[in-house]
Every structure is written in structure tokens, then in C-alpha cells.
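Asks: Residues per chain are reported as follows:
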Amino acid sequence: MEIDPFIFRLSIFILSIFVGYYVVWSVTPSLHTPLMSVTNAISSVIIVGAIIAALANSSGSIFETSNIFGFLAIVLAAVNIFGGFLVTQRMLQMYKKKKK
Amino acid sequence: MMSANLSALFYLVSGILFILALRGLSSPETSRQGNYFGITGMVIAILVTFFSVGNFGTGFIYVLIFLFIGGSVGAFIAFKIPMTAMPELVAGFHSLVGLAAVFVAISAFLQPEVFNLGSSGNIKLASLIEMSLGAAIGAITFSGSIIAFLKLRGIMSGAPITFKGQHFINLFLGIIILLLIYYLCRSQLSNIFWSIVLISFLIGVLLIIPIGGADMPVVISMLNSYSGWAAAGIGFTLENSALIITGALVGSSGAILSYIMCKGMNRSFFNVILGGWGATDQNSSSQTKEQKPVKNGNADDAAFLMKNASSVIIVPGYGMAVAQAQHALREMVDALKKNGVKVSYAIHPVAGRMPGHMNVLLAEANVPYDEVFELEEINNDFANCDVAYVIGANDVTNPVAKTDPQSPIYGMPILDVEKSKSVLFVKRSLSPGYAGIDNDLFYRDNTLMLFADAKKMTEEIVKNL
Chain A
1 MEIDPFIFRL
11 SIFILSIFVG
21 YYVVWSVTPS
31 LHTPLMSVTN
41 AISSVIIVGA
51 IIAALANSSG
61 SIFETSNIFG
71 FLAIVLAAVN
81 IFGGFLVTQR
91 MLQMYKKKKK
Chain B
1 MMSANLSALF
11 YLVSGILFIL
21 ALRGLSSPET
31 SRQGNYFGIT
41 GMVIAILVTF
51 FSVGNFGTGF
61 IYVLIFLFIG
71 GSVGAFIAFK
81 IPMTAMPELV
91 AGFHSLVGLA
101 AVFVAISAFL
111 QPEVFNLGSS
121 GNIKLASLIE
131 MSLGAAIGAI
141 TFSGSIIAFL
151 KLRGIMSGAP
161 ITFKGQHFIN
171 LFLGIIILLL
181 IYYLCRSQLS
191 NIFWSIVLIS
201 FLIGVLLIIP
211 IGGADMPVVI
221 SMLNSYSGWA
231 AAGIGFTLEN
241 SALIITGALV
251 GSSGAILSYI
261 MCKGMNRSFF
271 NVILGGWGAT
281 DQNSSSQTKE
291 QKPVKNGNAD
301 DAAFLMKNAS
311 SVIIVPGYGM
321 AVAQAQHALR
331 EMVDALKKNG
341 VKVSYAIHPV
351 AGRMPGHMNV
361 LLAEANVPYD
371 EVFELEEINN
381 DFANCDVAYV
391 IGANDVTNPV
401 AKTDPQSPIY
411 GMPILDVEKS
421 KSVLFVKRSL
431 SPGYAGIDND
441 LFYRDNTLML
451 FADAKKMTEE
461 IVKNL
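If you read the sequences in order, they're chains A and B. The first sequence begins at 1 in the working numbering and counts up one residue at a time. The second sequence begins at 1 in the working numbering and counts up one residue at a time.
The following block holds chain B by itself, in its conformation from the complex (with noise of 0.2 Å):
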């Protein structure tokens, strides 16, 4: 058995080898390096724990055979999934952090001895609370990931569910969790802790529904954030520096990125998570659309267009990866370079379903990276490229963003596509993006529509070419 300092010691190793994994997120060349110094702290916490423990006998066999069975599945699902589906992968992932929480949390409840914290039915008032709110927070995670990999995988509606009180539903079960906490540090009633695991996770599914499919991507980053408070709040109670070192930097990352992402739409924090956006606003301008005359082009007319420019800026989004047709795209930029045309690929925070999607989906498609920019990098490049060709993008294009007050997504910071000296559309029929707002740029007088599936249309170019 290993001292309790000496391991406490190997513990912190595996937090400061996790730090230096997203350390060497900073750059892709560094990145490869990152994942093994997060896998070796991995790898240290694990042994480290069995050495702790220092009891090798059948149950030890069963941990081994059930890392080995979670193992294999975690393994297939990373090799079988396909790019495109990363963002419910990753809310699928999330999901199982908040329930592995949750039953370490329920574990600890029901034999504290284990844990050193006290005796069953007298458990230290800190390490209840500790575990209650790591319980809580878990729950959370899991239902809310579970509702956020529905959406994002199709099985459930993207619309916002939205119904009167919604919010003050959430609040007042809010302070009932709080209560009951206190509650249960007064009585230690197993009966009050199933009831705040299981508002818990009631909570989680409420909080998510209201928010739309277009909001995804600041969801996707929130769980992240909780799922991290989550692993923390279980920390503290195991009184394990690894878990609460991880717990911060995961915590503090989600919350990160749900800021860019808000930021990227701007939008408040508030506003995302009270949800409701484009449910009514989809309505309003169906019926107020007036038929604006539109030009309409052909594979042909693209072709010709891109051959003859000096440079094309690409502008991906959701759409895109929808048609899978990255693989196109980079076959459409190899021929074009070929007749000496400079392209670059212009990536709007918020495109795609989650943070850096649309890098991911480029990368998968051998784009090289430093062909890759982001919106403050490459805004002023429109104003000197020739063509623009925008493969399911929209509202990231729209100039109403910077021009109409009364829009919804007004103050947005968008990509000036439109100072392009032309703007190639693909998109497959006029309708309004998840924002629910008529694009303005279809109408303008530089813009040609290519309406076609967006793999369908760049494949045709390709043959143009």
C-alpha cells in the first residue's frame, strides 16, 4: 500500500501532465505531444490509485475486465465515428462524465467509511455538501448532454421547446436542490439525496430544451464547463488534488469557449441559455417575405468565375458538413490552384455545431492548416479577393448584421462577404437561416445563387474546371 502523501505527490504529476495537454493545444505541431502527457497522467492517476488502494484480490480482477469492457467501446466509438458527427460524440461523452460523477457521488453516500468521511448516517458536513452539489452538478450534466446529443443527432427537433414559466420552473427548483442540501446536511436521510439526484436530473432536461439547434454550440461548450465543476465537486470530497486540478481546467475551458461562442454571436450568456431564439421569428418572415429578384447561376458560370479570379476565399459552414462535402471542396481548391488562383478558407466562430468544427471537418479533408483563418484574421482580405464562394454558411454572411437595428442578429460580427467583387452562393432554396432572418446578400447585385446540394454543386464545378 502506498502512503497517502506519497501518492497525493503522484496525483498532482498527473494534474500538471493534464495542464501540459492543453498546453499543447496552443499549436497543431505541439498538440500530438499534448495527448501523451494527458494519457500518461492518465495512465499515472490510474496506477497510482490502484497502489493506494493496495488491494489486488478478485475485485481488482473485475476492475481490470470492466476498464477493459469500457475500454473497448470508448476505442470503437473513436475509430468508427465519423467527423462530421463530433459534436454529439462529444455530448454523448460529456453525458457519461455527469453520470460517472453522479454514481462515485452515490458510491461515497452509501459507504463514507471508504472515503474517510465519516460513518453512514454521519458524514462530515463538508464532504455532504461536497458531494451533494458534485451529485447535483453531474445530474445536470448527464440529462442535459443526453437532450443536447438527441438534438444534434436529429432524433429529437431542433426547435426550441419553450412553455409559460419556464425559467421560474428552473429557479424554483434551483432553490429546492439548495434546501434539500441543506436539508440533508441537517438530517442525512438517504431519501433527501436520491431527491437531489433526481431534480437533478429533471433540471438538466429542462434547462436544454428551450435552447435551438443554432445555439448548439455554446450548449455543447456550457456541458463542457459543468461537466468539468462537476469531476471537482466529487474532488473536493475525495479530497483528490488530480480531480480538482482537472476539474478547474475543464470547468474553466467550457466557460471559455461558451463565451467565444457567445461572443461570436453576439449574444449574452443569459439570452443563450434562456433560450427561445428563431422559434417565432421563423414565422414572422415567412409571411412578410416579399419575392425580390434573386441571380440565379450554374456549375458553369462558377467555374468560369473562380478560373479567371486572382484569388477565392472559401466560407464554410454547418451546410457543408451536412453534405459532406469537404472531400468536393478540397478537390474544387486543388484545381484551382493548379490554374494559379490563390484560395484561402474563412472560418466564422460560430459555424458549425460546435467550437472548431469546421477546422476539424478541413483538416479531415487534407486542407492544411495555415490555409486556414480565422474571421479577425482574414475580414480584410474581402475587400481584394474576387470570388467568395459561401458552401452552407449564412447568417455568419449576412450584412444586415451591421446595417438593420431592428434585426435579431444585429451587432453580430460577420464575414464581409459581400466586399468581394463576387459572391458565389450555394445553398439549396432561399429559405432563412436558424436565425430565421432572410439573408441580404442573396439580393445583391455581386451575388449569384447556385442553388444545388452543396456536395452535388462543387462536385459539378470540379468537372468545369
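The following block holds chain A by itself, in its conformation from the complex (with noise of 0.2 Å):
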């Protein structure tokens, strides 16, 4: 029997708990805050969704309704991408060493 591929997708994403969990109690708490805004960042990643939905022309047209749903989730996921990184590196750049 076939396995479904949904199956597989559900792997990953139990793999990736763990993965996740593991390497997130490894962060060291004085960075909790750059790894909130990474995690919004990364999670913006969900602009591949938008720009799918964006680019769809199946009848012709790309304004339809269903387009223009994607180019909003495409201007707030690019607010996010950017802001989220950006202030991640700000912040990253403030911690330093004591001078010696």
C-alpha cells in the first residue's frame, strides 16, 4: 500500500518540534528577546504562500479577488521579513563582551 504523502509532511513537522525544542532551551535566556523577533521573522516565510497566490492568473486577469489577498499578505509578511530581521541584527549588535 501507498503511503499518503500527507504522512510524510506530518514527519517533518513532528521532526521539527523536536528540533525546535531542543535547540530553543539551548538559547541562552539573555537573548529571549532577538529570538522573538527572529522566530517573526522566520515565520514570515509564509510570503511563499502569498506571492503563490499573488501570481495566479487562471482566468487572465491578476486582480482578482484571490490576487489581491496575496498582495496583502505579501506587503505585511515583507513588513515582518524586514522589520524582523533588522531589529534582530540592532539588537544582536548591542551585546557585547566585557573590555579586558
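No wet-lab data here; the hints were simulated from the structure. These numbers were taken from a predicted model, which means no experiment stands behind them. Misleading hints may appear alongside valid ones.
[Stated by the list, open to error] Straight-line alpha carbon distances no greater than 25 Å define the calculated DSS-like cross-link-like pairs of lysine-lysine that follow:
1. Lys-342(B) / Lys-307(B)
2. Lys-295(B) / Lys-419(B)
3. Lys-292(B) / Lys-402(B)
4. Lys-402(B) / Lys-338(B)
5. Lys-342(B) / Lys-96(A)
6. Lys-96(A) / Lys-402(B)
7. Lys-337(B) / Lys-402(B)
8. Lys-421(B) / Lys-292(B)
9. Lys-402(B) / Lys-307(B)
10. Lys-338(B) / Lys-98(A)
11. Lys-421(B) / Lys-463(B)
12. Lys-97(A) / Lys-338(B)
13. Lys-338(B) / Lys-96(A)
14. Lys-337(B) / Lys-456(B)
15. Lys-96(A) / Lys-80(B)
16. Lys-307(B) / Lys-337(B)
17. Lys-97(A) / Lys-337(B)
18. Lys-97(A) / Lys-342(B)
19. Lys-463(B) / Lys-342(B)
20. Lys-463(B) / Lys-337(B)
21. Lys-342(B) / Lys-419(B)
22. Lys-456(B) / Lys-295(B)
23. Lys-419(B) / Lys-263(B)
24. Lys-292(B) / Lys-98(A)
25. Lys-342(B) / Lys-98(A)
26. Lys-307(B) / Lys-98(A)
27. Lys-295(B) / Lys-307(B)
28. Lys-307(B) / Lys-419(B)
29. Lys-338(B) / Lys-263(B)
30. Lys-307(B) / Lys-338(B)
Make the complex out of the two chains shown on their own, each in a separate frame, by following the hints.
Replies: If you want it as C-alpha cells, here you go:
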């Protein structure tokens, strides 16, 4: 019997939860704020869905309702991607060691 | 056009780069490199999507324009935002992820052919469940984060809003959502899909309004987690491994942070979510408050005490952020170090309005991160320290948490400030903290109260050193 591809995606999902669990526990507490801003940025990889939605033109027009939702999602995700990574970078630049 | 297999492999690469981005945060030295991994992963994911769609017509130009608009807004915010406002910024960003997830789910519902999910009115069962879950969690994240943003920004009062039957209503609405998803799968009617989205927006609001201002660290972490699950839901719909991996990472990250925050307050997650803490206590404590004598000091006394100490521990809290006192504090510490005093900082896990908030503020004021310690690392040192300088913290130093089983904060891990030889407590008045309880520390013999704004007092002390 063939395995449904959904099961493979579910496996990736569950394994990633475990990876996330161990990786996040090893994050030093002093970097928890940058952790939140960077997870914010990477969860905006949802932009891939937005791009597909925006570029779809089954009817020949690129301004169908579904395209417009795609474009709106691109704007929102882009704010997050640039904002998230840049503000994380800005914070991480500030963490310095004691001058010896 | 790129083959589906090849693009799937590239999405896997982005997923791995995102894991490395989080991995980098295990130490400040590797963190900057980690952030570059994250950026690379994002660039790969976006480029691969362009090539796999393979449509470089007018639509593509529009995509670039919208990307540019959003990107400039994001970059502008990232450079302008003061570090004290990080909690509301993160809450605001969460709301955007949530709304983006809702929008993508709506597009997928309206044009399922594009995403290979069947055809309109005949969408695959699994996809329908995945997209409605993604949309529902996304909508909850969006409206919940908006409320959190308004509370953190001070536009909305931080006081919990509670009414009778609140939790029953939330439970009821949750069940309605599940029933609607069931009917959506049977009927494929778009009205049901819209109802799911609308009710979820409502749940988000109802879920966050009963939670008080002091519990915001938990709320932000929780919404962080939700935004991840929403992304994962959409990832299943789009059959995209980068999104599934990222959603799982972010979801578990937020969940762990919520757990750490709850543990820092010795409260269960449900206790926080059900909310209402601090609303009733505040009234009762103001009525029963008895006038106990406190020792009142000024900047001169404080400067004298610290100058002659051999070790000083600074305990910063949210009040420091409000007063923007971190730079003045740094100057004070520099002056003390010149006098040969050993200074370190003690950070409670729930100090501030989000996880790690105090650390960022101190880093901004150029405090080296190896002088800043977590509760477990430094708590034993209070017994050997001469002066503890409490600036803007309150409940996290209250010894009642160890002694009075009746107290709402009983059992909460606290910084053992009272064990140091003397305590300098900077505070504007004797008013109780967010938990609404009187701090026993104020009335101890070894405590000197410094009634003033945190920044002004610290500047005064610098002048007297």
C-alpha cells in the first residue's frame, strides 16, 4: 500500500517540533527577546504562499479577489521579514563582552 | 519553471538555515552569524518561489513593488523603534503574521486550483481542514496580538477585563469553530469559511482581554507560539516544507518561552490564560494596608553606602524601562567601578514585559553581557553582597513569596535581595506592584527606600559619587 504524502509532511512537522524544542532550550535567556523577533521574521516565510496567490492568473487577470489577498499578504509579510531581521540585527549588535 | 522536486529541496535548505538561525542564539558571539543564516534562508525561499511559479510578467513587477513597500515600512520601523518599545513591536509583528496567514488561507480557498487543492467548491478534504485551521489560528493570533499591542502601548488599560461566563463563552465559540469546520468540509460553502474567520477574530479578542498587564510576557510568548502554528497550518495546505519546519520551530519556541515565563511566576499556564490576576487583590490590599514605618533615604546616603561597599548587585525591573534609566544606571556603575566596587546585574525571568527585555535594555546601555546574570546564577551571591540596588523591580524581590502561603505570589522564585547587607529600593511611592501585594522588603531594617523617579535618583547618585 502506498503512503499518503500527508504522512511525510506530518513526519517533517513532528520532527521539527522536536528540533525546535532542543534548539530553543539551548538559547541563552539573555537572548530571549532577539529569539522572539527572529522567530517573527522567519515565520513570515508564509510570504511564499502569498507570492503564489498573488501571481496566480487562471482567468487572465492578476487582480482577482484572491490575487489581491495575496498582494496584501505580501506587504504584511514583507514588513515582518525586513522589520524582524533588521531589528534582531540591531539588538544583537549591542551585545558586547567586557573589555579586558 | 523549476521542477517541484528541486524547489522542495531548496525549501528544505531554507528550513535548515532557519534552524541554524535559532541555534546561533545559544550565545551572543554566534548570534549575529545565526541571523545571517536566517536572512539567507528567507532569500532562498523567496527566489525559489519566483522560479517555481515562473511567471515574470506584470504580476511579478507588482509583487516586487509590494515587497518593496512592505520592506521599507519594516526597515523604517526596525531602525526607529526604541528598545523600551520592543514588547509592543513584537506583538505588532505577531499580528501581521497572523493576518498574512488569514489572507493566504482566503486566497487558497478562493482559488484552490492554483495551489493544487482541487477546484472551487470541490476542495480536497484534508486541505480544507488545514486551511481553515490555519485561518482560524491566524485570525486568533491577529486580533489577540492587536489587544496585546494596545495594552502594552498603554492605549488600552492593562487591567484585566473580566465578566461572568467569560470562559464559558470562549469554550462555546471554540466548539462552534470546530462544528463550522465540520460543516465546511461537508458543504464547501464560502459563507461558513468567512464565519470561521470572523468568529476566530472574536475569540482572539476575548482570549486576551482578561489577562492583566503583568502577565504580558506570557501573552506575547503564547501569541508567538500561535503565529507558528498558523504558519504550519498554511504550510500543510501549500505542501511547503519550509513553512512546515518554520511553523513547528516557532510554535515550539513560543511554547517554551511561555513555560519559562509561567515557571518564573510559579503559575500554571491555565491560571495565566484564565486571567484576572491583580484585579481584585489591588482593592483589598489598599483597604487593609497598615502604616508601617519605612526608612527613607536620599541620593547622598545611597552614594555613600555604595561607594564604601565592596560588591553591589543591581536588580532592574520594568520601572527602569519606563523611566528610561538604563543609561544613567550604566554611568552609576562606571563610577562605582572606578571606586573599586564589584558590580553585577541580577535579572529575574519575568522582569520587564517580555522574555529577555531587561537584557536588551542593558545591552543598549553598553553593559557587557558577562556582567548580567540570571536568577539561578546569582541568587546565592546576595548573601555575600553589601548593597542590592533595586531599580524598577518589585514583586520579584518580595520575600513574602517564600514565607506567606496565603500570598498570591507564594512559591514564585524570587531574587533573595533581602539577604544582602543593605537594600536600596528606588520607587516612586509605596504602592504595591502589579500583583497588587505589599512588598515586605520595604519595612525591613536593612532597607533604605529612595522615593523618586528611577532615572532622576540614579543621576543624583552619580553626582554624589
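Asks: If a hint holds in the structure, say so; if it doesn't, say that too.
Replies: Evaluated hints:
1. Annotation: proposed proximity of Lys-342(B) to Lys-307(B) holds, straight-line Cα distance about 10 Å (limit 25 Å).
2. Between Lys-295(B) and Lys-419(B) the alpha-carbon distance is near 17 Å, which keeps this suggested pair within the 25 Å criterion.
3. A threshold of 25 Å between alpha carbons decides the hint, and for Lys-292(B) with Lys-402(B) the separation of about 21 Å falls inside it, so the pair holds.
4. About 36 Å separates the Cα atoms of Lys-402(B) and Lys-338(B), which puts this hinted pair outside 25 Å; it is violated.
5. As the CA atoms of Lys-342(B) and Lys-96(A) are separated by approximately 19 Å, the hinted pair is consistent with the 25 Å bound.
6. Taking the CA atoms of Lys-96(A) and Lys-402(B), the gap is about 35 Å. The hint is violated against a cut of 25 Å.
7. A C-alpha spacing of about 33 Å is found between Lys-337(B) and Lys-402(B), which places the hinted pair above 25 Å, so the restraint is violated.
8. Pair hint Lys-421(B) plus Lys-292(B) holds up; C-alpha atoms about 21 Å apart against a cutoff of 25 Å.
9. Of the supplied pair hints, the one linking Lys-402(B) and Lys-307(B) is violated, its CA atoms being roughly 31 Å apart against a limit of 25 Å.
10. Between the alpha carbons of Lys-338(B) and Lys-98(A) the distance comes to roughly 15 Å, so the proposed pair stays at or under 25 Å and holds.
11. In summary, the hint linking Lys-421(B) to Lys-463(B) is supported, as the alpha carbons are separated by about 24 Å, within the 25 Å threshold.
12. Distance restraint check for Lys-97(A) and Lys-338(B): the Cα-Cα separation of roughly 19 Å lies within the 25 Å cut-off, and the hinted pair is therefore satisfied.
13. For the hint pairing Lys-338(B) with Lys-96(A), the CA-to-CA distance comes to about 20 Å; that is within 25 Å, so the pair holds.
14. Using a Cα cut-off of 25 Å, the hinted pair Lys-337(B) and Lys-456(B) holds, with the two alpha carbons roughly 20 Å apart.
15. Proposed proximity of Lys-96(A) and Lys-80(B) is supported: the alpha carbons are some 21 Å apart, at most 25 Å.
16. A threshold of 25 Å between alpha carbons decides the hint, and for Lys-307(B) with Lys-337(B) the separation of about 9 Å falls inside it, so the pair holds.
17. For a cut-off of 25 Å, the pair hint linking Lys-97(A) to Lys-337(B) stands: about 16 Å separates their Cα positions.
18. Between Lys-97(A) and Lys-342(B) the CA atoms are separated by roughly 16 Å; this keeps the pair inside 25 Å, and the hint holds.
19. For the proposed pair Lys-463(B) and Lys-342(B), the alpha carbon gap of about 19 Å is at most 25 Å, so the pair holds.
20. The straight-line distance between the Cα atoms of Lys-463(B) and Lys-337(B) is roughly 15 Å, inside the 25 Å bound, and the hint therefore holds.
21. A C-alpha spacing of about 17 Å is found between Lys-342(B) and Lys-419(B), which places the hinted pair at or below 25 Å, so the restraint holds.
22. As the CA atoms of Lys-456(B) and Lys-295(B) are separated by approximately 20 Å, the hinted pair is consistent with the 25 Å bound.
23. With a C-alpha separation of about 23 Å, the suggested pair Lys-419(B) and Lys-263(B) falls inside the 25 Å cut-off, and the hint holds.
24. Distance check on the hinted pair: Lys-292(B) and Lys-98(A) sit about 43 Å apart at the alpha-carbon level, beyond 25 Å; violated.
25. Of the supplied pair hints, the one linking Lys-342(B) and Lys-98(A) holds, its CA atoms being roughly 13 Å apart against a limit of 25 Å.
26. At roughly 22 Å between alpha-carbon atoms, Lys-307(B) and Lys-98(A) fall within 25 Å of each other, so this suggested pair holds.
27. Restraint check for Lys-295(B) and Lys-307(B): satisfied, since their Cα atoms lie roughly 20 Å apart, inside the 25 Å limit.
28. With a C-alpha separation of about 19 Å, the suggested pair Lys-307(B) and Lys-419(B) falls inside the 25 Å cut-off, and the hint holds.
29. Note on Lys-338(B) and Lys-263(B): the hinted pairing is violated, with a Cα-Cα distance of about 38 Å set against a maximum of 25 Å.
30. Taking the CA atoms of Lys-307(B) and Lys-338(B), the gap is about 10 Å. The hint holds against a cut of 25 Å.
Hint compliance for this structure: hints 4, 6, 7, 9, 24, 29 are broken, all remaining hints hold.
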